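A.B. asks: Sequence:
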Amino acid sequence: MAQFMTPLGFGDPLRLGPYRLLGVLGEGGMGKVYVGQDSAGAVTAVKVLHPELTHDPNLAQRFLREAQTARSVESGGVARVLAAELDGGRPWIASEFLSGPTLEQAVTQRGPLEEPALRALAHSLAGTLRDIHAAGLIHRDLKPANIVLTSTGPRVIDFGIARPEHGLTLTTTGQVPATPGYGAPEQVTGQRVSPAADVFSLGAVLAYAASGRRAYDGPHVASLQYAVVHGEPDLTAVPGLIQPLIRPCLSKDPALRPSPEQIAAVFAPPRGAQRVWKHGALAEEIKEHEAQTKQYTTVVGVPAQRRPSRRRFLASLATGGAVLLAGGGATAWWLRGEDLPEAGATPPPARLLASPVEGGSSSDKAPKPLWGPLPVAAEGSPPPIVLRDVVIFAAKGGGLTARKVTDGKEKWVLPDIDATARYVAMADGRFAAADSQGNVHIHDASTSERLWSASAGATCVLAADATTVYVGTADDTIRAVATADGHKVRWTKPLAYAAPVDTTAQAVAAEGHLVVTSQDGSVTALLSATGKEAWHRTGQTSDGRALHPFVDSGVVYLGGASLCACGLADGKEIWREIGTYGPPVLDGADLLAMTAQDWGAPHPRLMSYDTATGDYDSSWLAVPEGDAAPLAAPVFQGSSLWLAEGGDAKGVTVFGRSTGHAAWTYRPTRGGTWRMTATGNRVFLLNAGDAVAMPVF
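Once you know that position 65 of the sequence shown is 65 in this note's numbering, the rest is easy, because the numbers rise by one and skip nothing.
Hints in this document: simulated from the structure, not taken from any laboratory. Any given hint could be a false lead.
Quick list of in silico lysine-lysine cross-link-like pairs, DSBU-like style, CA-CA up to 30 Å [claimed, not checked]:
(1) Lys396 with Lys368
(2) Lys411 with Lys396
(3) Lys252 with Lys287
(4) Lys368 with Lys409
(5) Lys572 with Lys532
(6) Lys532 with Lys493
(7) Lys294 with Lys252
(8) Lys488 with Lys532
(9) Lys278 with Lys294
(10) Lys404 with Lys493
(11) Lys396 with Lys409
Quick list of the computed label-pair ranges, beta carbon to beta carbon [what the hints assert, rightly or not]:
(12) Ala40 with Ala268: 34 to 42 Å
(13) Asp407 with Glu284: 18 to 26 Å
(14) Ser39 with Ala222: 49 to 57 Å
(15) Pro244 with Leu527: 33 to 41 Å
Values in this document were obtained by computation on a predicted structure and should not be read as measured data. Yeah, the Cβ is synthetic: ideal placement off N, Cα and C, and Gly gets one too.
All chains, full assembly: derive it from the sequences and hints.
C.D. replies: Here it is, written out as structure tokens:
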């Protein structure tokens, strides 16, 4: 096995932050990857950008996005980012060093994997893709060279061209969108991709691991890509029992590909199969890499230094000081290309403080917005929605406006839409809205193209699901408009006790039910198919405000005059907490809700409850400054939790999702009601008509 690192050369830094550099893993046109070691002996991969490239704004943007991507994925199947900082103006990032061969190296040296190892590989990779997609991301470049085999299992690396699930892309003309032979047909043809593109790549990876041959091949890139788009995969060398498990992943139609969960299920490995990473021929290859790593990293300890704080990490990302995630077993995108002159030695670490927020202030130095504040929306408008590559607002001059997620520039305006009637997101990048004549319109979010319309007497749009758009009318009834079958009104239903159905009502359509909360404190659940009332309850609010319900796995969670969980089918109360609460949101097995200033507490608090029992988790508590409005639901994105404040400290505070500790606060120059939405590692804030896009770490 070849030596995995080369000695430090002239001009290489000896230390970056707390890491003593031991050697060079690789070098390319963009920078170098070093093997580093901290005072405790932990080995890391430290990536550094060439000094002459540190001021390139495009690279800074790319580094920022990739660092956000790496940090946002919560999975044991990826390499962890450990720290990042600016040393003398040079960005670096330290990630977990993965000691082991890539899948490509292992197959090249030892041949195809045996079935137990293949099943263990497929099961683990499918779980990792599930975690990546759960973070709202698409890897876009899954291939054998981006999978490192370790003694704890396979790990996915290199998020160099990963993007948010909603289709953002910075690919330019002439760029290869993914590795030929592993990228999905929709990637090759430049179409918008979904998580199903990663499933195609996984199928191609498994075909290679099972046979030692690519599923698609050709004498040059063009012929190979043609085969991906128009040809059929060559699975002749794949064992017969495995072929039918891989073939669906390679379907030309993304809708026909299985989900990562389905792949994990069909590839369920036999009992004890995970031992392949510790025993057997494959494990021997891994042990060789581990032994070599130990040989070259056994050094005398160095004086301990302070590890970069969370705030410094955020600050370095905010200024573009980050590079992509990559383990020790693979070469990142920025190591490819023609070599440039060797980087000079790095000066001693420079203390980096975060910049103040443009258009506002921050007691804790929030990172700089990705764009904004921009005066794009009407004051008091409904919350924005994010679909595909746009964020949609109620326009300042009336109607709806869409701004590009990437830079905030206007993409389209729909002046004939009545934005005060609200608008809701639908599947496949569509949204539903209404005009002042009561007509319901369905539009493509990216282009604004009107797909269909229906007369419904709508005064507000409540919710939508795959088959129906639900609207309220002037006579306080709910109408269900079919998304197919001529877009007819399927049913009309008044709520019990003449509960108001207007723009103050909140609703969610999920799991075959429409749940509506009204400002009189009533909660009604209707069957989506027929409009028949499933159940009704009263007294859920004491201040005349309807709060958005939350539905998950057959349970409805409600805030207001109490925090309670009810059965979706029958409305029976499962548990209830006395007090005044804001709208609840779910975070895994925990339910979070803001409490009002009661029980003698000086500030409202965001508290966590067990979804099954309602038991309060005393180990977790987030306390914002000032009087946080219970009406505003917290927003989760990546490893952070965003909470709008009210009263004297009107701003948005960002907390650690796992700890509840405050990181920083964004404060606007004007006061107003906060609206928030999030997707793809960005949080969009709306206050007094001003929109801001903030990065997520």
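A.B. asks: All the hints need checking, so say for each whether the structure fits it.
C.D. replies: Hints, one by one, checked against the model:
no., hint, result
1, Lys396 with Lys368, "holds (25 Å)"
2, Lys411 with Lys396, "holds (15 Å)"
3, Lys252 with Lys287, "violated (39 Å)"
4, Lys368 with Lys409, "holds (18 Å)"
5, Lys572 with Lys532, "holds (17 Å)"
6, Lys532 with Lys493, "holds (8 Å)"
7, Lys294 with Lys252, "violated (45 Å)"
8, Lys488 with Lys532, "holds (18 Å)"
9, Lys278 with Lys294, "holds (17 Å)"
10, Lys404 with Lys493, "violated (38 Å)"
11, Lys396 with Lys409, "holds (15 Å)"
12, Ala40 with Ala268: 34 to 42 Å, "holds (38 Å)"
13, Asp407 with Glu284: 18 to 26 Å, "violated (51 Å)"
14, Ser39 with Ala222: 49 to 57 Å, "holds (51 Å)"
15, Pro244 with Leu527: 33 to 41 Å, "holds (39 Å)"
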